[in-house]
Amino acid sequence: MDNSPYPLTSKPGLPDRSDSSSSSSVDHQEMEIHTPVPTRPRLHSRKSSGTLIVPRDSFLVGPSEPDWEPDDVRAMSPRRTSEDLENLGREAREELQRHASALQDSLLMIFHRIEAVKEEHDKLDNNNKFLQKYIGDLMSTTIADARPDALVQVEPKGPLFREKIFSSEFSRPWGLTSIPLAYEPYPNTFVNASSMAPLATRVVVSNSTENRMACVLQAEQPARQLPTLAKVPILIDKGEASYQNMYDYCFAKFLR
0 MDNSPYPLTS KPGLPDRSDS SSSSSVDHQE MEIHTPVPTR PRLHSRKSSG TLIVPRDSFL
60 VGPSEPDWEP DDVRAMSPRR TSEDLENLGR EAREELQRHA SALQDSLLMI FHRIEAVKEE
120 HDKLDNNNKF LQKYIGDLMS TTIADARPDA LVQVEPKGPL FREKIFSSEF SRPWGLTSIP
180 LAYEPYPNTF VNASSMAPLA TRVVVSNSTE NRMACVLQAE QPARQLPTLA KVPILIDKGE
240 ASYQNMYDYC FAKFLR
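Numbered by numbering that gives the first Met the number 0, the letters in the sequence shown go through residues 0 to 255 in order.
Hint data in this document are derived by calculation from the structure and do not stem from the laboratory.
There could be a bad hint or two in this list.
Think about it this way: if two alpha-carbon atoms lie no more than 25 Å apart in a straight line, the pair counts; the simulated DMTMM-like pairs of lysine to aspartate or glutamate are [to be verified]: (1) K230 - E168; (2) K230 - E219; (3) K230 - D104; (4) K252 - E162.
None of the values given here were measured: they were computed from a predicted structure.
Based on the provided sequences and hints, a complete structural model is requested.
Right under this line is the structure:
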């Protein structure tokens, strides 16, 4: 007889195997697994989910607009009103004017330092005459506008307002330079927001038989004046074989 502490169980449907020496037999036992059956709670104990229908005039209808702080970037609309655009443009012009003034002051400071070191080289005929560097320099015109005496230009940077040879970029919005000059009356608005142009321009076609480009001049009549440069004797020297010969005559038209 088996002395095991664990009772012997048989698989359902199979006969028990018993020891031949035993006179007793083990009854067939079947193990049953009882699983609880889920039951639905009674109606009085369930919570109502409410109706899915919302009245049209309810505050729940439509998108909700969150209340952001004024400085929150999420409160900034991508659509600007005309007043917003005008304020932005005015602020941009004021900022540009401040930067231009600071740049002009920096150029003058550099010029004075160079003048102190090379004073004898910067003087021609005992006068403070400045010889502009060869092939396009904008500093000399700016310096002459601030500290006028005399100006000699050898193939000055050009043409006026807009590039012609290598590109069509509006690189000199102030006519002679890319930074402000002392015009009278001084332009207080920009006529072209895309290029930040302070001066209205017009194209004047040359009637010469020579190979000359059209000039870009001021459109306003009478044109705004440069009283500081008007007091400065200016000599423009050009090379006959230079490509700048096609538009150097525009400088004379502009400065008259």
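Restraint check for K252 with E162, where alpha carbons must lie at most 25 Å apart: Holds, at roughly 17 Å.
Between K230 and E219, does the CA-CA distance stay at or below 25 Å? Distance ~22 Å between K230 and E219 Cα, so the pair holds.
Are the Cα atoms of K230 and E168 separated by 25 Å or less? 30 Å, violated
When you check the alpha-carbon spacing of K230 and D104, does it fall within 25 Å? The hint holds at about 21 Å.
In summary, the one numbered hint that this structure violates is 1.
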